[in-house]
Amino acid sequence: AQSVTQLGSHVSVSEGALVLLRCNYSSSVPPYLFWYVQYPNQGLQLLLKYTSAATLVKGINGFEAEFKKSETSFHLTKPSAHMSDAAEYFCAVSGVNFGNEKLTFGTGTRLTIIP
Amino acid sequence: EADIYQTPRYLVIGTGKKITLECSQTMGHDKMYWYQQDPGMELHLIHYSYGVNSTEKGDLSSESTVSRIRTEHFPLTLESARPSHTSQYLCATRDRESTGELFFGEGSRLTVL
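Protein sequence lines correspond, in order, to chains Y and F.
With the working numbering as the guide, the letters of the first sequence map in order to residues 1416 to 1530.
With the working numbering as the guide, the letters of the second sequence map in order to residues 162 to 274.
Read the hints as simulated data drawn from the structure, not as lab findings.
The reader is advised that the hints may include incorrect statements.
[As the list claims (entries may be wrong)] A short list of chain Y residues far from chain F (calculated; beta carbon distances all over 10 Å):
1. V1426
2. R1437
3. Y1440
4. S1441
5. S1442
6. A1469
7. I1475
8. N1476
9. G1477
10. E1486
11. T1487
12. S1488
13. H1490
14. T1527
15. I1528
16. I1529
[As the list claims (entries may be wrong)] A partial selection of chain Y residues facing chain F, derived with a Cβ cut-off under 7 Å:
17. Y1447
18. G1458
19. L1459
20. L1461
21. S1509
22. K1517
23. G1521
24. T1522
[Stated by the list, open to error] DSSO-like, lysine-lysine: derived pairs with alpha carbons at most 27 Å apart:
25. K1484/Y <-> K1517/Y
26. K1483/Y <-> K1517/Y
27. K1517/Y <-> K192/F
28. K179/F <-> K192/F
29. K218/F <-> K179/F
30. K1517/Y <-> K218/F
Just so it is clear, CB atoms sit at the ideal spot from N, CA and C, and this is done for glycine as well.
With the hints as extra help, turn the sequences into a complete structure.
Here is the structure:
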């Protein structure tokens, strides 16, 4: 069984400030972890993924995330927020078990950028 | 340029109508999925398919049905729509060699009056 918890359904940051979106996971097998972004009236787009290689993963648009097994966390960060980062962000987990490949998504965090 | 096409993007219909949400992909992926998304809620998997003539129900019970007659096409049908079916429906695909990454269409937002 696997699940993800995203702390904070809404996060607001000032333009130029650090973005930190939190994700904790639970998985009975080694996980693959993902962050997706959804802009208004759009589908989900992959930002980055962790697949058991480097624990610090870099993604598109200047985002990165660090896999911390001891904390069961996969928080998403960006050093300097831009207005275009305003969107909804979803963390997701998939078990590394080829008989069970479904992704389980968190409830999402809506990021607002304050000018 | 989209590789996963969903139509219609927006649909408003009355109760009792039959509707079909279309999903087509040009990526050649075997695996296709339908997710239901409500505001403030996680995405719920309602149907998936691992190839032609393969369909399975997902984690969330749904009154909708799906078919997979061609690799590139995975339509979702509601025989008699109700207001409780109002939601956004997202189609996704995955490569058989993938480490889990899903590719999503832009979604179909359904409103049943």
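Now the hints, each set against the structure:
1. V1426: Since the minimum Cβ distance to chain F is about 14 Å, V1426/Y lies beyond 10 Å and the statement holds.
2. R1437: With a cut-off of 10 Å, R1437/Y remains clear of chain F, as the shortest Cβ separation is near 15 Å.
3. Y1440: For Y1440/Y, whose nearest Cβ neighbour in chain F is about 13 Å away, the distance exceeds 10 Å, so it holds.
4. S1441: Correct as stated: the minimum Cβ-Cβ distance to chain F is 14 Å, above 10 Å.
5. S1442: Its Cβ never comes within 10 Å of chain F, the nearest being 12 Å, so this holds.
6. A1469: Holds, because the least Cβ-Cβ distance between A1469/Y and chain F comes to about 14 Å, which exceeds 10 Å.
7. I1475: holds, 13 Å
8. N1476: Holds, since 17 Å exceeds 10 Å.
9. G1477: holds, 20 Å
10. E1486: Consistent with the label, E1486/Y stays out of reach of chain F, its closest Cβ about 21 Å off (over 10 Å).
11. T1487: holds, 18 Å
12. S1488: holds, 18 Å
13. H1490: holds, 18 Å
14. T1527: Per Cβ check, T1527/Y is outside 10 Å of chain F; nearest 15 Å; holds.
15. I1528: holds, 20 Å
16. I1529: Since the minimum Cβ distance to chain F is about 21 Å, I1529/Y lies beyond 10 Å and the statement holds.
17. Y1447: For Y1447/Y, the interface hint holds, since the closest Cβ of chain F sits about 5 Å away, which is under 7 Å.
18. G1458: holds, 3 Å
19. L1459: holds, 4 Å
20. L1461: holds, 6 Å
21. S1509: holds, 4 Å
22. K1517: This interface hint holds because 6 Å falls under the 7 Å limit.
23. G1521: holds, 6 Å
24. T1522: Hint holds; T1522/Y Cβ to chain F Cβ min 5 Å, cut 7 Å.
25. K1484/Y <-> K1517/Y: Given pair K1484/Y, K1517/Y holds - Cα atoms ~21 Å apart, limit 27 Å.
26. K1483/Y <-> K1517/Y: Between K1483/Y and K1517/Y the Cα gap is close to 22 Å, so the pair holds against 27 Å.
27. K1517/Y <-> K192/F: The hint holds at about 11 Å.
28. K179/F <-> K192/F: holds, 26 Å
29. K218/F <-> K179/F: The given pair, whose Cα atoms are some 20 Å apart, holds under the 27 Å limit.
30. K1517/Y <-> K218/F: Given pair K1517/Y, K218/F holds - Cα atoms ~12 Å apart, limit 27 Å.
When held up to the earlier numbered hints, the structure conflicts with none and fits them all.
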